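Number of protein chains: 4
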Amino acid sequence: MKRLAILTSGGDCSGMNAAIRSAVRTALRMNIEVIGIRKGYLGLMKGDAINLDNKAVSGILHRGGTFLQSARSMEFKTPEGQQQAIEKLREMGVDGLIVMGGDGSLAGALALHRLGFPVVGIPASIDNDIPYTDMALGVDTALNNILYAVDCIKDTASSHARAFVIEVMGRNSGYLASISAIATGAEYALVPERDYDLSEICQQLRGRFAEGRDNAIIILAEGAGHAQDIANSIKDAIGFEVRVTVLGHYQRGGAPTVFDRLLASRFGKKATELLISGVSGVMVGLSCNSMLATPLEDVIKGEKQPQDEVLRMAEVLGI
Amino acid sequence: MKRLAILTSGGDCSGMNAAIRSAVRTALRMNIEVIGIRKGYLGLMKGDAINLDNKAVSGILHRGGTFLQSARSMEFKTPEGQQQAIEKLREMGVDGLIVMGGDGSLAGALALHRLGFPVVGIPASIDNDIPYTDMALGVDTALNNILYAVDCIKDTASSHARAFVIEVMGRNSGYLASISAIATGAEYALVPERDYDLSEICQQLRGRFAEGRDNAIIILAEGAGHAQDIANSIKDAIGFEVRVTVLGHYQRGGAPTVFDRLLASRFGKKATELLISGVSGVMVGLSCNSMLATPLEDVIKGEKQPQDEVLRMAEVLGI
Amino acid sequence: MKRLAILTSGGDCSGMNAAIRSAVRTALRMNIEVIGIRKGYLGLMKGDAINLDNKAVSGILHRGGTFLQSARSMEFKTPEGQQQAIEKLREMGVDGLIVMGGDGSLAGALALHRLGFPVVGIPASIDNDIPYTDMALGVDTALNNILYAVDCIKDTASSHARAFVIEVMGRNSGYLASISAIATGAEYALVPERDYDLSEICQQLRGRFAEGRDNAIIILAEGAGHAQDIANSIKDAIGFEVRVTVLGHYQRGGAPTVFDRLLASRFGKKATELLISGVSGVMVGLSCNSMLATPLEDVIKGEKQPQDEVLRMAEVLGI
Amino acid sequence: MKRLAILTSGGDCSGMNAAIRSAVRTALRMNIEVIGIRKGYLGLMKGDAINLDNKAVSGILHRGGTFLQSARSMEFKTPEGQQQAIEKLREMGVDGLIVMGGDGSLAGALALHRLGFPVVGIPASIDNDIPYTDMALGVDTALNNILYAVDCIKDTASSHARAFVIEVMGRNSGYLASISAIATGAEYALVPERDYDLSEICQQLRGRFAEGRDNAIIILAEGAGHAQDIANSIKDAIGFEVRVTVLGHYQRGGAPTVFDRLLASRFGKKATELLISGVSGVMVGLSCNSMLATPLEDVIKGEKQPQDEVLRMAEVLGI
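As you go down the protein sequences, you meet chains A, B, C and D in turn.
When the first sequence is numbered by my numbering, its final residue is 319 and no position is left out of the sequence of numbers.
When the second sequence is numbered by my numbering, its final residue is 319 and no position is left out of the sequence of numbers.
When the third sequence is numbered by my numbering, its final residue is 319 and no position is left out of the sequence of numbers.
When the fourth sequence is numbered by my numbering, its final residue is 319 and no position is left out of the sequence of numbers.
In short, the hints are calculated from the structure, not lab data.
Please read these numbers as outputs of a predicted model, since none were measured by experiment.
Worth double-checking, as some hints may not be accurate.
All copies of an identical chain are treated as equivalent in the list; a pair is satisfied when it fits inside any one copy or across any two copies.
Said to hold, decoys possible - Derived pair list, reagent style EDC-like, types lysine to aspartate or glutamate, alpha-carbon separation capped at 16 Å: (1) K235 with E273; (2) K235 with E315; (3) K304 with D151; (4) K88 with D48; (5) K235 with E200; (6) K235 with D53; (7) K88 with D151; (8) K301 with D214; (9) K55 with E33; (10) K46 with E193; (11) K235 with D151; (12) K55 with E211; (13) K235 with E80; (14) K55 with D214.
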């Protein structure tokens with residue numbers, strides 16, 4: 001192996017730059033060149049690439065997002081698009097590819113692997129909805145961003161005896177919502193994995209209001225409802241005034257936490273070592289504090305198990 | 001003078017607790033008692049108060065919001081309501097009142113003063129729309145909260161070559177929007193004090209996109225339009241994909257900055273000293289780094305001048 | 001079981017309050033009372049305790065340190081002291097005790113268990129030197145505090161082409177030093193578990209300086225040398241000017257991160273459930289994302305294994 | 001005027017990059033080129049410079065330190081050195097120079113002005129010891145860094161009933177110490193401008209300890225004593241255990257606050273406009289929220305007045 005490529009795809013997250021840096025440094029130590037593909041699979045099909053030497057990845061460890069940029073590409077989902085991608089990789093003299101992103105991005109990696117091109121995936125998705133890794137890249141930073149915002153909102157909620165419905169990311173996964181509910185002492189986490197009963201919630205909140213509690217926080221995963229709808233449904237029934245905040249893209253960015261910088265460094269190093277040693281078609285993951293390689297096939301077919309212990313705990317520690 | 005009261009009213013902001021602490025410590029040094037009225041004018045009319053000794057204000061300096069809470073009261077706006085408030089104050093043995101809040105709250109303070117009750121006001125409003133003070137309490141903390149969020153959003157914007165419309169507070173004032181635009185290097189600040197031409201903005205952004213710039217940030221004061229409407233108007237004309245984030249109540253809270261803790265300490269001390277020395281019907285303010293007392297009458301009639309230098313600078317440093 | 005007690009002992013850390021809250025809420029749900037012993041074993045021997053109801057633990061989740069306070073006690077290390085502690089617990093009607101702290105504190109817990117008193121331990125120590133738990137409470141917050149400080153120092157180091165020796169906590173453990181070195185992109189982590197060769201380091205740093213690199217960061221665990229001594233040894237040999245910063249107690253405090261709040265919530269809940277179900281003489285721990293109970297005997301005899309993978313990675317990603 | 005140069009000198013601070021960016025953008029709008037001198041006067045004498053176009057100053061607004069770097073030069077203090085600097089400037093086709101730094105740096109600027117070279121200065125010094133500006137660049141960020149650290153240390157102090165002596169920067173100025181004491185609720189600020197009586201302090205602290213207060217914080221300006229010496233002097237006399245933290249270079253760096261980014265933007269723009277309009281030998285400053293130009297001669301001869309109101313307030317709000 002002489003030359004690797006790395007690309008970031010799908011939604012960006014904090015830690016991607018740290019993982020790129022780690023992959024580059026690991027490869028260079030083994031005298032293997034690295035190029036960075038810009039704008040994900042879209043850029044790959046165009047051969048949009050830059051050389052990544054030690055200097056190119058200096059000063060990026062602490063920066064959010066991905067300096068290689070990301071983009072969507074419908075064309076890459078076609079067999080022709082994938083074939084074209086492989087041709088471009090060969091034209092550029094690339095022997096192996098590291099793909100960093102969420103499940104869509106990893107499905108693309110699997111397609112390239114099936115077409116015979118060596119690929120290793122790195123799970124990066126703030127929703128933490130990728131199976132076969134305890135944590136995906138970017139989750140811990142997103143959680144701490146949410147924490148900071150909710151701690152702020154709680155101050156103002158308490159000052160006005162208000163309830164807040166705070167919407168966080170998570171289309172299919174309540175991970176961010178339930179963990180941040182525990183971490184901020186929120187009263188409820190509404191998640192797509194579990195039904196909830198607004199009338200029961202209203203009754204409990206009314207009780208809380210009657211007791212003289214000065215605030216109530218409901219963390220809502222975006223996949224479990226619309227914040228404003230929920231606010232409208234409960235606003236006349238709970239005593240508290242209700243306000244809504246949708247945290248949005250603020251959750252994605254910012255300097256990565258220690259956990260994400262370390263995870264990124266481990267993922268980048270392991271993915272590079274696997275690829276160089278001849279392994280293809282796997283995703284690196286974190287399992288019991290160790291690096292684990294799982295066939296991309298299993299990752300794509302698999303489903304992340306909701307953390308029942310955590311979901312139950314959110315209930316015990318809440319209201 | 002034997003006993004002062006203090007209340008917080010209107011929208012809460014960071015630094016209110018620090019100002020309460022400072023007022024209490026200043027009064028106690030002069031052997032004057034202090035009580036805290038809970039829930040603003042609403043609580044005042046009910047005589048809802050707690051004693052504030054040194055211990056009661058210990059450990060609150062760094063906390064956002066107001067532990068005395070705030071609330072709205074329509075009834076207090078009537079002559080009967082105001083008369084009742086004064087009676088309650090007298091019942092509680094209170095000789096003077098400190099009112100902390102925005103222009104509505106200060107208008108209430110003026111009403112009490114006109115009815116003969118000694119009152120001093122402290123300007124607190126994250127919009128920075130109160131005249132006769134360079135800065136109101138809470139503005140600096142709100143600005144730094146906005147900064148943190150926009151720095152995060154810029155990471156993700158750059159990763160996807162996106163434009164973001166970010167809505168900040170400011171119904172009548174573009175202060176937060178224009179200052180945070182300068183501080184974050186945003187391309188535009190859309191403010192209520194100035195007309196803007198979306199078609200011109202689109203043209204400039206298209207140029208920026210064509211040059212290969214990887215993001216564009218528009219900071220919008222809530223009084224200058226709706227973020228989603230603006231996003232819809234420009235989304236097909238600028239090259240960049242467009243996303244929207246409404247920062248909402250997150251802006252209000254959080255541990256106050258040094259500036260707000262210091263300003264709060266100065267406001268609380270000065271208001272207390274003025275009241276004790278027999279002054280009434282004024283608001284304390286910050287003017288050229290000094291404490292200034294201005295008749296509440298002038299404050300209520302006055303209008304905050306937009307900072308033209310700053311608005312112009314936002315343009316020079318932008319696109 | 002009718003009444004539990006909880007105490008914090010040894011060096012404080014962020015997350016202790018969150019763990020107390022979780023233990024109290026868990027016990028109250030099962031109709032068991034909780035009292036908080038103040039000032040660790042010292043307070044225990046005096047019966048210095050407060051009642052902990054839901055309200056007592058409200059508003060503490062996000063606060064650093066321990067509101068129950070901690071202290072050292074030589075007397076408790078004697079058989080007489082331990083006997084007295086048990087008598088006090090019985091006087092207060094306590095049927096079980098949760099002890100939170102580092103290895104010294106857990107050794108005290110084991111002593112009480114051997115004397116027949118039901119005890120469960122929670123590992124809390126920013127050094128992460130306690131075996132049978134992947135992470136102790138407070139480590140993640142300490143790491144992120146270090147990260148913030150080192151990111152700041154790197155700015156100034158780069159501005160002056162300086163090397164910095166930054167001393168972090170860790171008398172017997174290089175965990176904080178090595179993880180924070182990876183997370184901040186430091187050139188070296190000097191740890192007690194591994195010998196280092198200053199003349200080799202000097203040679204490498206001289207090379208780095210010659211290449212035109214604008215800074216060099218050495219993270220030193222306190223158990224691996226004195227920062228100023230190391231600075232003196234290298235200052236004339238590396239090209240860079242050298243400066244020293246000892247981060248000190250700043251590392252311990254501050255609002256806990258999401259990770260520490262979640263870990264604290266899990267530890268507090270699990271320790272309470274174990275104690276109530278009749279288990280004694282164990283420490284709860286985090287193992288492969290699950291809660292694990294290990295006999296305190298094994299914990300005290302055991303030794304935390306250094307994370308070789310991590311130590312090696314620090315070398316690869318460094319200079 | 002066709003080409004400006006800008007350099008940063010002396011101790012770095014947060015906001016320098018933002019000021020460089022603002023100066024460059026302002027000049028480019030007026031079709032004037034800008035070069036950046038690297039490593040202050042040392043680099044100037046060697047002609048070590050880079051071209052600064054819009055792109056060169058993109059993405060630096062939020063970075064601490066100075067990307068142009070800073071350095072000390074004894075040689076520049078000689079007439080020969082200064083002559084050489086002017087020759088280099090002329091060789092590089094430079095018509096005017098912006099110097100950013102503390103009083104030593106501004107004295108150098110004055111020397112060049114006296115030799116006939118057009119120069120404008122920008123005050124940058126976290127000590128806030130430069131006269132004729134209410135605030136120097138970097139002060140607000142340093143204060144907020146101190147705040148964060150002291151808030152953390154207070155958590156651990158309270159957990160162990162300890163007193164802390166925390167040393168902050170300020171060789172000749174107690175500004176950082178006194179403002180941060182007010183902002184953190186510290187009991188004492190020891191500053192070079194005022195004598196202090198350790199025996200009186202001990203007596204008061206002993207009283208505080210006797211009252212059962214759980215911590216005491218003393219903020220010490222480095223020019224007012226050595227932290228460890230003070231700790232040794234009081235440790236047996238106050239009841240509290242005593243610990244020491246020296247915050248060090250951590251104070252200098254980090255992402256600048258809103259205040260510093262705005263101040264930097266104003267300073268950079270104003271300095272550039274003045275130089276282009278033919279003014280030389282002045283320093284820009286902040287006075288009553290406006291930009292003020294003061295002859296460098298007056299700045300160098302002048303002395304910053306200690307803020308008596310603030311120093312007194314620290315006393316009132318303390319113990």
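Hints broken by the structure, by number, lowest first? Hints 1, 2, 3, 6, 7, 8, 10, 11, 13 contradicted; others consistent.
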